[in-house]
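Visitor: Take a look at the letters that make up each chain.
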Amino acid sequence: MKSKIIKVGTNKVRQVTIGKKNPLVFIGGPCAIENKDHAFYMAEKIDKICKLLNMPWIYKSCYDKDCRSSLSSFHGVGAEEGLRILEEVRNEFGIPIVSDFSDTSDAELTGDVCDLIQVPAYLCRQTSILRAASLTGKPIHLKKGQFMSPWNMKNSVRKIEQFNNHNILLTDRGTFFGYNMLINDMRSLTIMAETGYPVCFDATHSVQMPTSMGNISGGQREFIPSLVRAAVACGINALFMEVHNNPKEALSDSNTVLDIKYLKFILSQAKDLHNIRLEIQKKYGEDNVHKE
Amino acid sequence: MYIKNNLLKEKVKNLILDFSESAVVEEKTILKVTLEKMIHFKIGMACIVNKKKILLGVITDGDLRRKLINNQKPWSALLNDDVIDHCKKKPIVINENDNLNKAINIIRKYKIWDLPVLDKNNRLVGILHLHNLLELIMERKK
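Protein chains in written order, with the working numbering: chain A, 161 to 452; chain B, 589 to 730.
Hints may contain errors.
[What the hints assert, rightly or not] Straight-line alpha carbon distances no greater than 25 Å define the calculated DMTMM-like cross-link-like pairs of lysine to aspartate or glutamate that follow:
{"hint": "1", "chain 1": "A", "residue 1": "K208", "chain 2": "A", "residue 2": "D432"}
{"hint": "2", "chain 1": "A", "residue 1": "K164", "chain 2": "B", "residue 2": "D670"}
{"hint": "3", "chain 1": "A", "residue 1": "K205", "chain 2": "A", "residue 2": "E382"}
{"hint": "4", "chain 1": "B", "residue 1": "K677", "chain 2": "A", "residue 2": "E354"}
{"hint": "5", "chain 1": "B", "residue 1": "K641", "chain 2": "A", "residue 2": "E321"}
{"hint": "6", "chain 1": "A", "residue 1": "K319", "chain 2": "B", "residue 2": "D669"}
{"hint": "7", "chain 1": "B", "residue 1": "K678", "chain 2": "A", "residue 2": "E354"}
{"hint": "8", "chain 1": "A", "residue 1": "K319", "chain 2": "B", "residue 2": "E614"}
{"hint": "9", "chain 1": "B", "residue 1": "K677", "chain 2": "B", "residue 2": "E614"}
{"hint": "10", "chain 1": "B", "residue 1": "K620", "chain 2": "A", "residue 2": "E321"}
{"hint": "11", "chain 1": "A", "residue 1": "K164", "chain 2": "B", "residue 2": "D673"}
{"hint": "12", "chain 1": "B", "residue 1": "K616", "chain 2": "A", "residue 2": "E321"}
{"hint": "13", "chain 1": "B", "residue 1": "K676", "chain 2": "A", "residue 2": "D447"}
[Stated by the list, open to error] To list a few chain B residues with every Cβ distance to chain A over 12 Å, as calculated:
{"hint": "14", "residue": "D606"}
{"hint": "15", "residue": "I627"}
{"hint": "16", "residue": "K630"}
{"hint": "17", "residue": "K640"}
{"hint": "18", "residue": "L644"}
{"hint": "19", "residue": "I692"}
{"hint": "20", "residue": "I694"}
{"hint": "21", "residue": "L718"}
{"hint": "22", "residue": "E723"}
{"hint": "23", "residue": "I725"}
[Unchecked claim] Between beta-carbon pairs, the in silico distance windows are:
{"hint": "24", "chain 1": "B", "residue 1": "W663", "chain 2": "A", "residue 2": "S233", "range": "38 to 48 Å"}
{"hint": "25", "chain 1": "B", "residue 1": "N638", "chain 2": "A", "residue 2": "S265", "range": "32 to 42 Å"}
{"hint": "26", "chain 1": "A", "residue 1": "E247", "chain 2": "B", "residue 2": "I657", "range": "53 to 63 Å"}
{"hint": "27", "chain 1": "A", "residue 1": "E354", "chain 2": "B", "residue 2": "R653", "range": "20 to 30 Å"}
{"hint": "28", "chain 1": "A", "residue 1": "S232", "chain 2": "B", "residue 2": "N638", "range": "48 to 58 Å"}
{"hint": "29", "chain 1": "B", "residue 1": "E615", "chain 2": "A", "residue 2": "T170", "range": "27 to 37 Å"}
{"hint": "30", "chain 1": "B", "residue 1": "E615", "chain 2": "A", "residue 2": "E240", "range": "37 to 47 Å"}
{"hint": "31", "chain 1": "B", "residue 1": "E609", "chain 2": "A", "residue 2": "F383", "range": "48 to 58 Å"}
{"hint": "32", "chain 1": "A", "residue 1": "N448", "chain 2": "B", "residue 2": "H719", "range": "40 to 50 Å"}
Quick caveat, the hints were computed from the structure, so don't treat them as lab data. Glycine included, C-beta positions come from ideal geometry on N, C-alpha and C.
Next comes chain B alone, as it looks inside the complex (with noise of 0.2 Å):
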C-alpha cells in the first residue's frame, strides 16, 4: 500500500540514468559504436539525438534481434551504417514531471525495458530504466 500511494506518486525525473549513465549517441554515429555503448552500459536501448538533444529515436536489443535474422547485407557493411538509418523513429516516451504510476503503466502495456525521458521541450534529459524502478520498490518494501 506504501508503494501504490507514495513511490508511483514520484516523479520519474528523480529516477532516471542520465546521459553518463545510458547509451546517447548523435545521429551519424555508426552501428558500431552504438552497441559498444549499449554493451557498455549493459541497457538494451540506445537514444540516438541531434546536436540540441532532441530525440530522433531509438534502437533497442529487440530493434537488433530482428536485424539479425532480416538483414541481407555484409556484417562489415551494417556496422558502418549510421544509426539513425536503423532506428525506431517514432519511439514511446514519457515526460519527466509524469510520475512513475504513469511509467509503469507504459512498461507493461508496451512490453519494454526503457524509456526515453524527455522535457517540456522534447529534449532527452535521460532514460528510465526497469530495474532502476524495481530496485526502488524493492527497497521501499524493506
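So here's chain A without its partners, still in its complex pose (with noise of 0.2 Å):
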C-alpha cells in the first residue's frame, strides 16, 4: 500500500503536512476547552515549546465532552462558545485546529472553524458521525476505538473513503483489557498503516482506566513517557497528548493529562527517536520481512 501524507491547515495558519518522512507532528492541548483565557494560556505555552524544538503541531481542544460517564462531570463548553475560542486560537496564534463533534448537527460548524476534524474513539464506527466528519471536507483525525480491533479500522476508513474523503490520520488509544483497564499493542500502529494513511498515536489517552474510580476515569500518567517513545519507534507520523498547566484541576480527564511542565521533556525525547528512526530507515531500508 503506498503511503499518503495529509496535509492540515489553509489560510492564515501554518500548514502542518504529516505522513512519510515528514517530521513528527504534535497534536495537543487541554482535553476540553474550559474558556478562553485558558485556551490561550495554553495555546501560548505549547507554541513557545514547539517552536523551541522547531516542531509542527496542531491545538486541539474540545467543546463537548459528551462521553462522560456522569452527568455531573462537565460537558464543555457548547459548540458556540467552543468553537468561537477556537477561532479565536486559530486567528491570533496560526496554528491549525482539531476538534470533535458528538452530534452530527455540530458538524458543520465544525467543519467551518477546525482544520482537522476528529471522530471520537467511541464513535468511530457510527456512519452517522463518519459521514458528517467526510462532508466537512476537512482531514479526518479518526482514533480506534477502544473495543475495535486494528485491522478492523480498515472498515471505517473505507466509509469515509465512500463519503468521497481521503485525507485521514488514524490513531491509536489504548484497547481494552478487560475491565477498566487498556493496554497498548503497538502492533496496531503497524496494522492501521498497512491502509496507506499517516498513524498517530495518542500516549495519554492511552494510560487511561476507563472510568475505574466510579464514575470517572483514573489514569497512570507515569508511563506516558516509555509508550511514547515505542511508539515513535514503531513508526508514527503525529503524537497526540492532551496536556494542561494544572491537571488536578483540570476539567476533564485530570487522571491523565500531560502537566504542561513535562511536555517539553517528552517531544524533545520524541523528535530525537523520530529523526533517530528515520535515519535508520534510509540507512537499512523499510521493514521486509514477509508475512508467511
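Once you've looked at the hints, go ahead and assemble the two chains, each given alone in its own frame, into the complex.
Guide: Here it is, written out as C-alpha cells:
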C-alpha cells in the first residue's frame, strides 16, 4: 500500500504535513475548552515549546465532552462558545485547530472553524458521524475505538473514502484489556498504517483506566514517556497528548492529562527518536520481513 | 466421436458462467465477502477485477486450503484483509474465442476446475466451470 500524506490547515495558519518522512507532528492541548483565557494560555505555552523544538503542531481542545460517565462531570462549553474560542486561538497564533463533535448537527459548524476534524474513539464506527465528518471536506482524525481491533479500522476508513474524503489520520489510544483497563498493542500502529494513511499515537488517553474510579476515569500518567518512545520507534507520524497547566484542576481527564511542565522533556525525546528512526530507515531500508 | 469432432470445436464463450452466476469481486473487497460469494455461487474460485473488469487475480479453494494451515494472524484479521492481498496475481486464463478442446487441455494439464474467460481486451467476461463442461458432454452423449 502506497503511503499517503495529509495536509492540515489552510488560510492564515501554518500548514502541517503529516506522513511519510515529514517531521513528527504534535497534536495537543487541554482535553476540554475551559474558557478563553485558559485556551490562550495553553496555546501560547505549547506554541513556545514547539517553536523552540521546531516541531509542527496542531492545537486540540473540545467543546462537547459527551462521553463522560457522569452527568455531573463537566460536559463542555458548547459548540457556539467553544468554536468561537478555537477560532480566536487559530487567528491569534496561526496554528491549525482540531476538535471533535458527537452530534452530527454540530459537524458543519465544526468544519467551518477547524482544520482537522476528530472522530471520537467511541464513535469510530458510527456511519452518521463518519459521513458528517467526511462532508466537512476537512482531513479527519479517526481514533481507534478501545473496543476495535486495528484491522477492523479499515472498515471505518472505507466508509470515509466512500463519502469521498481521502485525508485520514488514524490514531491508537489503547485497547480494552479486561474491565477498566487499557493496553497498547504497538502492532496496531503498523497494522493501521497498512491502510496507507499516516498514523498517530495518543499517549495520554492510552494511560487512561476507563471509569476505574466509580464515575470518572483514572489513569497512570507515569507510563506516558515510555509509551511515547515505543510508539515513535514503531514509526508514527504524529503524537497526540492532552496537556494542562494544572492537571488536578483540569475540568476533563484530570487523571491522564500531561502536566505542561513535562511537555518539552517528552517532545524532545519524541523528536530525536523520530529523526533517528528516519535515519535508520534511510540506512537499512523499509521493513521487509515477509508475512508467511 | 461426435463429441470430439463437434463439441470440442465450440467456442468457450458459449458455455461460460457470467457475472450473475459466478463470484466476481473488486480488489478492495474483503476476504469474508469474497468467500460469501463463492459459497453463494457454489464455485471454488473468485475472480478479482478492477472497475474496467480487467482481471487482477483469482483466489481458489486450494489457495484457501493453503491459508488454512499457513495463516498465522487472527482469523478475524484475515477475513478483513482485502482479497487482492491474498489472490494469485497471474492466473491461468482462456480467451472467449478459444475452443473447448483448448479449455479441456488446460484444465487437465493444471488439474483445475475453473478458468477465467477473457475477451480480446483482457476484460473478464465470465468463467468456464468444469461441471458445465461435463453436463454438456453428457447431454451430447445422449
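Visitor: Hint by hint, note whether the structure agrees.
Guide: Outcome of the hint check:
no., hint, in the structure
1, A:K208 <-> A:D432, "holds (18 Å)"
2, A:K164 <-> B:D670, "holds (18 Å)"
3, A:K205 <-> A:E382, "holds (22 Å)"
4, B:K677 <-> A:E354, "holds (20 Å)"
5, B:K641 <-> A:E321, "holds (21 Å)"
6, A:K319 <-> B:D669, "holds (15 Å)"
7, B:K678 <-> A:E354, "holds (23 Å)"
8, A:K319 <-> B:E614, "holds (16 Å)"
9, B:K677 <-> B:E614, "holds (13 Å)"
10, B:K620 <-> A:E321, "holds (20 Å)"
11, A:K164 <-> B:D673, "holds (19 Å)"
12, B:K616 <-> A:E321, "holds (12 Å)"
13, B:K676 <-> A:D447, "holds (23 Å)"
14, D606, "holds (27 Å)"
15, I627, "holds (21 Å)"
16, K630, "holds (27 Å)"
17, K640, "holds (19 Å)"
18, L644, "holds (15 Å)"
19, I692, "holds (34 Å)"
20, I694, "holds (28 Å)"
21, L718, "holds (29 Å)"
22, E723, "holds (38 Å)"
23, I725, "holds (39 Å)"
24, B:W663 <-> A:S233: 38 to 48 Å, "holds (39 Å)"
25, B:N638 <-> A:S265: 32 to 42 Å, "holds (39 Å)"
26, A:E247 <-> B:I657: 53 to 63 Å, "holds (58 Å)"
27, A:E354 <-> B:R653: 20 to 30 Å, "holds (25 Å)"
28, A:S232 <-> B:N638: 48 to 58 Å, "holds (55 Å)"
29, B:E615 <-> A:T170: 27 to 37 Å, "holds (33 Å)"
30, B:E615 <-> A:E240: 37 to 47 Å, "holds (45 Å)"
31, B:E609 <-> A:F383: 48 to 58 Å, "holds (57 Å)"
32, A:N448 <-> B:H719: 40 to 50 Å, "holds (42 Å)"
Checked against the numbered hints above, the structure violates none of them.
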